[in-house]
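Participant: Residue numbers (my numbering), protein chains in the order written: chain A, 1 to 149; chain B, 1 to 149; chain C, 1 to 422; chain D, 1 to 422.
Just so you know, the hints here were simulated from the structure itself, not pulled from any lab data.
Hints are all accurate, no fakes.
Label pairs and their calculated CB-CB ranges:
{"#": "1", "chain 1": "A", "residue 1": "H31", "chain 2": "D", "residue 2": "E81", "range": "26 to 34 Å"}
{"#": "2", "chain 1": "D", "residue 1": "A201", "chain 2": "C", "residue 2": "H88", "range": "53 to 61 Å"}
{"#": "3", "chain 1": "C", "residue 1": "G276", "chain 2": "B", "residue 2": "P25", "range": "33 to 41 Å"}
{"#": "4", "chain 1": "C", "residue 1": "H88", "chain 2": "B", "residue 2": "Q100", "range": "22 to 30 Å"}
{"#": "5", "chain 1": "C", "residue 1": "F419", "chain 2": "A", "residue 2": "Q96", "range": "25 to 33 Å"}
Every beta carbon over 12 Å from chain A, so not counted as near; a handful from chain C, in silico:
{"#": "6", "residue": "A75"}
{"#": "7", "residue": "G124"}
{"#": "8", "residue": "Q221"}
We put the CB at the ideal spot given by N, CA and C, even for glycine.
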Amino acid sequence: MSESLYQEIILDHYRNPHHKGLRDPYDVEVHHVNPTCGDEVTLRVKVAGGLVQDVSYEGQGCSISQASTSVMTDLVIGKPVDEALQTGEAFLALMQSRGQLEPDEDVLEDGIAFAGVSRYPARVKCALLGWMAWKDATAQAVTTGEAAP
Amino acid sequence: MSESLYQEIILDHYRNPHHKGLRDPYDVEVHHVNPTCGDEVTLRVKVAGGLVQDVSYEGQGCSISQASTSVMTDLVIGKPVDEALQTGEAFLALMQSRGQLEPDEDVLEDGIAFAGVSRYPARVKCALLGWMAWKDATAQAVTTGEAAP
Amino acid sequence: MTSLLAATTYDVAAVRADFPVLAREVNGRPLVYLDNASSSHKPRQVLDAEREFVEQHYSNVHRGVHTLSQEATDAYEAARERVARFLHAPDAREVVFTKNATEAYNLVAYSFGNAKAGSRFALGPGDEVCVTEMEHHSNLVPWQMLCERTGATLRWIPLTDGGRLDLTDLDTLVNERTKVLAFVHVSNILGTTNPVDVLVARAKQVGALTLLDGAQSAPHQPVDVAALDVDFFVLTGHKMLAPSGIGVLWGRRELLDVMPPFLGGGSMIEVVQMAGSTYAPSPERFEAGTPVISQAVALAAACDYLDDLGLERVHAHEQLLTARLIEGIRGLDGVQVIGPDSMHLRGAAVSFAIEGVHPHDVGQSLDELGIAVRVGHHCAAPVCRRYGVPATTRASSYLYNTEGEIDALLEGITTVQRFWSR
Amino acid sequence: MTSLLAATTYDVAAVRADFPVLAREVNGRPLVYLDNASSSHKPRQVLDAEREFVEQHYSNVHRGVHTLSQEATDAYEAARERVARFLHAPDAREVVFTKNATEAYNLVAYSFGNAKAGSRFALGPGDEVCVTEMEHHSNLVPWQMLCERTGATLRWIPLTDGGRLDLTDLDTLVNERTKVLAFVHVSNILGTTNPVDVLVARAKQVGALTLLDGAQSAPHQPVDVAALDVDFFVLTGHKMLAPSGIGVLWGRRELLDVMPPFLGGGSMIEVVQMAGSTYAPSPERFEAGTPVISQAVALAAACDYLDDLGLERVHAHEQLLTARLIEGIRGLDGVQVIGPDSMHLRGAAVSFAIEGVHPHDVGQSLDELGIAVRVGHHCAAPVCRRYGVPATTRASSYLYNTEGEIDALLEGITTVQRFWSR
Ligand SMILES: Cc1ncc(COP(=O)(O)O)c(C=O)c1O
Ligand SMILES: Cc1ncc(COP(=O)(O)O)c(C=O)c1O
Chain A
1 MSESLYQEII
11 LDHYRNPHHK
21 GLRDPYDVEV
31 HHVNPTCGDE
41 VTLRVKVAGG
51 LVQDVSYEGQ
61 GCSISQASTS
71 VMTDLVIGKP
81 VDEALQTGEA
91 FLALMQSRGQ
101 LEPDEDVLED
111 GIAFAGVSRY
121 PARVKCALLG
131 WMAWKDATAQ
141 AVTTGEAAP
Chain B
1 MSESLYQEII
11 LDHYRNPHHK
21 GLRDPYDVEV
31 HHVNPTCGDE
41 VTLRVKVAGG
51 LVQDVSYEGQ
61 GCSISQASTS
71 VMTDLVIGKP
81 VDEALQTGEA
91 FLALMQSRGQ
101 LEPDEDVLED
111 GIAFAGVSRY
121 PARVKCALLG
131 WMAWKDATAQ
141 AVTTGEAAP
Chain C
1 MTSLLAATTY
11 DVAAVRADFP
21 VLAREVNGRP
31 LVYLDNASSS
41 HKPRQVLDAE
51 REFVEQHYSN
61 VHRGVHTLSQ
71 EATDAYEAAR
81 ERVARFLHAP
91 DAREVVFTKN
101 ATEAYNLVAY
111 SFGNAKAGSR
121 FALGPGDEVC
131 VTEMEHHSNL
141 VPWQMLCERT
151 GATLRWIPLT
161 DGGRLDLTDL
171 DTLVNERTKV
181 LAFVHVSNIL
191 GTTNPVDVLV
201 ARAKQVGALT
211 LLDGAQSAPH
221 QPVDVAALDV
231 DFFVLTGHKM
241 LAPSGIGVLW
251 GRRELLDVMP
261 PFLGGGSMIE
271 VVQMAGSTYA
281 PSPERFEAGT
291 PVISQAVALA
301 AACDYLDDLG
311 LERVHAHEQL
321 LTARLIEGIR
331 GLDGVQVIGP
341 DSMHLRGAAV
351 SFAIEGVHPH
361 DVGQSLDELG
371 IAVRVGHHCA
381 APVCRRYGVP
391 ATTRASSYLY
401 NTEGEIDALL
411 EGITTVQRFW
421 SR
Chain D
1 MTSLLAATTY
11 DVAAVRADFP
21 VLAREVNGRP
31 LVYLDNASSS
41 HKPRQVLDAE
51 REFVEQHYSN
61 VHRGVHTLSQ
71 EATDAYEAAR
81 ERVARFLHAP
91 DAREVVFTKN
101 ATEAYNLVAY
111 SFGNAKAGSR
121 FALGPGDEVC
131 VTEMEHHSNL
141 VPWQMLCERT
151 GATLRWIPLT
161 DGGRLDLTDL
171 DTLVNERTKV
181 LAFVHVSNIL
191 GTTNPVDVLV
201 ARAKQVGALT
211 LLDGAQSAPH
221 QPVDVAALDV
231 DFFVLTGHKM
241 LAPSGIGVLW
251 GRRELLDVMP
261 PFLGGGSMIE
271 VVQMAGSTYA
281 PSPERFEAGT
291 PVISQAVALA
301 AACDYLDDLG
311 LERVHAHEQL
321 LTARLIEGIR
331 GLDGVQVIGP
341 DSMHLRGAAV
351 SFAIEGVHPH
361 DVGQSLDELG
371 IAVRVGHHCA
381 APVCRRYGVP
391 ATTRASSYLY
401 NTEGEIDALL
411 EGITTVQRFW
421 SR
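Bound-form chain A, shown alone:
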């Protein structure tokens, strides 16, 4: 069933999510909701020295939103913020490609499993929920960090 959408990688991340659970320390915590399906995520980021030190989260949602958040943490934790944001842009572009983009495994790693999701517009928002929360939190963390003396 659903081989194109429910890739084994996605199911693995869904069943065994990485980096799940809310952890201290963190700079910013955000709560994002997908109003059309009720999916939600609470997400914390810790940024230091230009690096994404940690991302932790709790949430409920479908396999796509949960797996995508898990993959996201793998992709951004430990990376320079700039590079992580670029990865986020690459994932966003893939999601908006309606199946027309060949994903770059070097950049997106397990994220390439979501290529098929882009052909299901109703699910794209699911795949982006965690990413959007992370982007939002990171932007806040960076601004706060800069603003701080």
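Mind docking chains B, C and D with the ligands on chain A? Use the hints.
Facilitator: Relative to chain A, chains B, C and D with the ligands alone:
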């Protein structure tokens, strides 16, 4: 052209309207407008001793509304109010009949020429403009008359 | 599996042949369309009636003396009469055409907001509007907005754990300050059929106007607005075999005649001057601009289709299917109905939850099997919140569904469970 | 009779073949349909596109994960993009589907009325709204109602004897208190094309928002909302080959994004709780309830039809016909054009008066000859008042009309004169 709608009787009344012009004395004056086509009529009635003593009017409008008002004055002036109102009901029924009613010439006289109009719903309001104004004015005149000591 | 009701008394296969889409395959499987509470498909007869009208008799209505204009006006007004007959309304002029049900609720709510102080429709601080916790957003948000604009207070009748209205505090919730009681006839998410008589009786005691949301009742069972004894009744065409783009507000003549207008524009006016205007009587007063002409003609054809089949029989058929589905679900482990899980006072929408599988994944997986159900909050988010679920999966049948399709869904649920428990 | 412009560069006969109704006879004569300003007919291609969609891909949009729902959503959103392209709008999310043009004006006017004090949309005593004396009731009454609700003042730009805007006092009428300037692009009764640039320039000087009523321009000439530089633009589908039941509000993204909602209900929300709700971004915010789905698909097909033919060429063709009609009327005794009687800045609607014959009788008599024109105030009663006529007779051509039909009308006018002067 338009033999079914524009009967010779209608055209005659339109070209030579009966009882036209505003006259004294009168009990009540009303002004009625057909908002969809801009036709209007100012109409006066004089009622006394249960009789329609006079109906006079000014107005502008299409052949149907003008002719119908003219025919109406012929039919009601000099009649007992009750009888005139009944004639009005008969004319209304004819207009709402969508061509399904055989008009009674004894009651409606020249008014039977409007039987064809009932098949043109957009024109029915034209044919009723003068009648409605008269009915309104007469109702007011009768009420005022009764209210007066 | 036994049937709770007698077998269907019309030929479902013949009915299905009227709906071309039902012959489609989805993901290599025959389409099983069980998303009718969201929108129904449209039979040939309805599409043909609209097309014949548009190709031969179309024109704008109401304002012309030429032949096409008269034919179009006749067809449009005949549609109004047809809908009045469908609803057993005493007077065709009580039927107002809107673009959907949502516009109809807004029409009433904005009309009230436009009323001058002292009018029976006017609302202000101290006044109350009462709805229920199971309302569709379309019959909730307009009242929230009205209350926000006017300072009136919104109250709502809560739900029992079993998916019904909890009427314990009805007499407090609907009280002397209540101006309107707006509630759904049959819930689109729970399937619950509400006790109209009880609610109307209370509203009458306190002089509140009643609005009944018939979006999920009118397509599925005979409706008699006079017998229901409500003040307003709303339906939407696309859920009852008609195209999108048309809804109906029915209202008592004596109310519509004095209710302030909502949308301003052509056709709803009497005398227009630059400095101000007067308004036409209803229904024209509430149909500003070029109306939904060909859609009204199509809706009339949909009424014909439904009445020819017989709404009693449609209802019986759906009750059969719904009972089969509920019974079937009861026989499955890890699947639970959200809403009344018996056939007592319920319609054709059945929401359920599969333990451990998110509704989105349920819906997607069923789609892979060609089965179309709806997942989400079904525009009734407070209901999901009430029952502690982010969303539900909802299957809803209509006159063209078969017992075989219900069985396909039940089998599909088992397949989904198997896939997601690997 | 000489042509003012080069001959039509498309095959009118081939176009006519796409419109079945044009083959009809009325009162035993071939139909001459010159009531296009009221509503146009619809070509096969548009009806086929809608039918194919409804028969194979229909479902409710936006809320489902199943295949039909995705296909329907794709088609609906593709229609939005198609309309954006038609209007040369920078962003498809600036296109809001309504049920007609009238709803669009009301949407903007009610949104303003719903704005909190201090918002750039809020209106109150001391604020002004400016329209023109040649507005269609649909772009007049909503502003009258808004002013009545908010205490703002309605002002209007008057007309010259020649049927144009009298801009003498423009700077007084549009001033620092003016919040909105709403005006018609091409008048449906006079045919006048208004100087959008002059009016927009003045509005910009004082910071007023501009709304352009394109109901009579979008069907007949290329429209570029970016070049027009207005804030809102409105069109209605049924006048441009699409079915009844659909209109479009285009608005600048940055305005729509912050404008308060109008109709409340499903799909326009973000988070709904019983006690209050938050709203989705535009365009969803302004499309409450089930939208006009198949009508949007049809409108997109109408855009294809018009763009395939080329709106420049459509416009040139109509200018040819209109010039022929105006020249012809000029050659008749006792017939007078009401509105600009030259081809300078004018569209395809031509109102005229026949001395001594009431417009109702003109229209009826022409119908006897198979010629469909509109009579009445054309939802612009103040214009009739301005020119001292109770009503006008209006002929309006479209892409399928022929020079022969214009000649038939001119001959018809002579016949009418003869009949009514007996
Ligand atoms: C200039 C103009 N504006 C607005 C409208 C209103 O359009 P609709 O009736 O489709 O809402 C019309 C047509 O009736 C029109 O001609
Ligand atoms: C119970 C109920 N009320 C109202 C509506 C709103 O109908 P529409 O979206 O056609 O306006 C719906 C359907 O969406 C519904 O199920």
